[in-house]
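S.K.: Here is what each chain is made of, one letter per residue.
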Amino acid sequence: MNLQYLLKRVGLFLLTIWVASTLNFLIPRLSPGDPVGAILGAMQAQGATIANSAEIIEAFRARFGLDEPVYVQYVKYLWSLAHLDLGYSIAHFPSTVTDIISNSIPYTLGLLSVTTVLTFVIGIFAGALLVWQATPRAAKTLITIFLMLAPVPYYLLAMILVFFFSFTLGIFPNSGITSPGRIPGEGFDINYFLDIVYHSILPALSIMIAGIGGWVLGMRGMMVTVLGEDYLTLAEAKGLKNRRIFLRYALRNAMLPQFTALAITLGYVVSGSVIVELLFSFPGMGYQLFRAISSNDFPVIQGITFFLVLSIATAILGIDLIYPLLDPRITYNRK
Amino acid sequence: MIDKSQPVLKVEDLQVFYWSKRGPIRAVDGVSFTIKRNERFGFIGESGCGKTTTMMAVLRLIKPPGKIENGRVILDGQDVLKMEKEELRLTRWSKIALVPQGAMNSLNPIMRITDQIEDTIMTHDVGATREQARARILSLLDMVELPERVARMYPHELSGGMKQRACIAMATALEPQLIIADEPTSALDVVVQKAVMQTLIGVQERLGSSLILIGHDMGLTAQVLDRIGVMYAGKLVEVGEVQDIYKRPLHPYTQALIGSLPSLKEKKKGGGIPGLPPFLLNPPAGCVFHPRCQHAMDVCRQKVPVLREHRPNQLAACHLYEESNVPI
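Just so you know, the sequences run in chain order L and F. According to our numbering, the first sequence is numbered sequentially starting from 4. According to our numbering, the second sequence is numbered sequentially starting from 13.
Since the hints were made in silico from the structure, they are not lab data. Check the hints yourself; a few may be wrong.
Claimed, not checked - Sample of chain L residues at the chain F side, in silico, Cβ under 10 Å:
| id | residue |
| --- | --- |
| 1 | Ile-193 |
| 2 | Asp-233 |
| 3 | Leu-235 |
| 4 | Thr-236 |
| 5 | Ala-238 |
| 6 | Glu-239 |
| 7 | Lys-241 |
| 8 | Lys-244 |
| 9 | Asn-245 |
| 10 | Arg-247 |
| 11 | Arg-251 |
| 12 | Asn-256 |
| 13 | Asp-330 |
| 14 | Pro-331 |
| 15 | Arg-332 |
As the list claims (entries may be wrong) - Within a straight-line C-alpha distance of at most 25 Å, the following computed DSS-like cross-link-like pairs (lysine-lysine) qualify:
| id | chain 1 | residue 1 | chain 2 | residue 2 |
| --- | --- | --- | --- | --- |
| 16 | L | Lys-143 | F | Lys-79 |
| 17 | L | Lys-143 | F | Lys-97 |
| 18 | F | Lys-22 | F | Lys-75 |
| 19 | F | Lys-79 | F | Lys-33 |
| 20 | F | Lys-48 | F | Lys-33 |
| 21 | L | Lys-244 | F | Lys-79 |
| 22 | F | Lys-79 | F | Lys-22 |
| 23 | F | Lys-97 | L | Lys-244 |
| 24 | F | Lys-48 | F | Lys-315 |
| 25 | F | Lys-22 | F | Lys-33 |
| 26 | F | Lys-79 | F | Lys-94 |
| 27 | F | Lys-33 | F | Lys-75 |
| 28 | L | Lys-244 | F | Lys-75 |
| 29 | F | Lys-206 | F | Lys-259 |
| 30 | F | Lys-94 | F | Lys-48 |
| 31 | F | Lys-75 | L | Lys-143 |
| 32 | L | Lys-244 | L | Lys-143 |
| 33 | F | Lys-97 | F | Lys-33 |
| 34 | F | Lys-48 | F | Lys-22 |
| 35 | L | Lys-244 | F | Lys-94 |
| 36 | F | Lys-97 | F | Lys-75 |
Cβ atoms here follow ideal geometry from the backbone N, Cα and C, with glycine treated the same way.
Let the sequences and hints guide you as you build the complete structure.
M.R.: Below, the structure written as structure tokens:
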């Protein structure tokens, strides 16, 4: 890999972030809602009389810098972004956006990175086994069931899971991230951690069961192509063991395009899984995003969107840079 | 131990069908032949005549919808078609190796050449350590005139000729008694073809193994082969020594095939064979060649001719030579 390519690729990465941030700045300002008006409206609806509403509006506008010309706002916005200062939440003033994000991101990352990677690994193997002639019939039937679950929305699965495992059988909790009243002990509290894992099992299952089918489908298609390749026939003629042919010659080659898809999916992880998090009252990024959208909390929406862009761009940059290690046919040396 | 008195390979009445919705397509129908020790045997015939299918059946690599319907494939005294899975796996490559038709696509694109040969050596458990295997790979590459650095390279970094040489090196890794080379030079340009063929022959002579060469380039094969089998529409129609096949072919199909070759000595029109090979879902009754044969008789439309010795060491499946219909 040469330096020139690396610089070009990082430059593209920065450009992507800049364009996305600019759009992120513009779009909320083009929408008809006004956060300050919305807050006052909500207060009025609750029966509060607001005598000096005009002054309050002005005060809010000044506090959030909305009274300045758009280009000044823009420059200030970029400057603070560069310092990862995302401003204050309007709905939960005086919490900063960074606080909100940093409080919820560990839950989301923990839940979604584990489920995404597990879903990927299971889906890849299942998809490959589905078209491998030595796979037992029972396994193929099981994989086909996952395939049938693919079009079922994950929130529907979540509700079914809650109904069976929580309400009917009572094995798993139906919501929350810890048992009520539980607080972490000093340092790393293993029991507290295990409690979180226990509460995460149903949300994780609902995401995974619904997600596996998609990977199975993609992998099955690639696997059929690879199984028809001459090098697979030759691998068999060489007298290699079935397991080695499957892993090293078929699966390894068929999964290459899936890595790109995995990178993008991993990039999306920080946005959380809005509906699953809501259903399970799981305080992750998706939950925060939902709350921010419903209260017109622009800074939080922008902050989460910015994080999302940053993480997707990073994931794609990452996969681009490690791809030559996965597939030797791809190099970044100049021809 | 290798019993030198036995032929390397004896195929008897091999039948391979590809099953379609409308019935079996008789890709290989009743083929029998014997490959002697050290000999170079060639199969010729036009595309789709069953050459490659026959070889894949010998390796038991026929995939559905193809199926080996009948026959015996006696390799070094054992019937390949009756072997248990593990026995078959261990037989492959150690006794019978393949130089594939498309060397371009026959190497795993994401494995180094050395790793693709090494796994073959190691899986056959010949008692070699990895270091010994690697040293052996370097000497194999040297034998096929490839530089040492090729070992660490990936297939896409090699030219077509180099890939084919790498495949030859791979085929000889376990010193098999029989090497099947399926059109090993057809994807290469003419200059490289001859060099690769010479390498293949050189390696085969050094190992003392037998070679089955499949090809439709009759000029190139004629120079290196001992015997030739001519296939037409899933049947072996003539078998004989190279000189006999070229100079005094018996079967009308062989005659037409030889007649179609361009010659430097005499100016003549390239004589094609009128008509097309039959569709093997519904092959013609009697001799499969009779619709295109200018000597076709009544018996040809009714009775399948048997491959029989009509001259010393020259076999043909043709009614012309039965019951002395025509003086030889």
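S.K.: Just pull the numbers of the violated hints for me, sorted ascending.
M.R.: Violated: hints 1, 20, 24, 25, 33.
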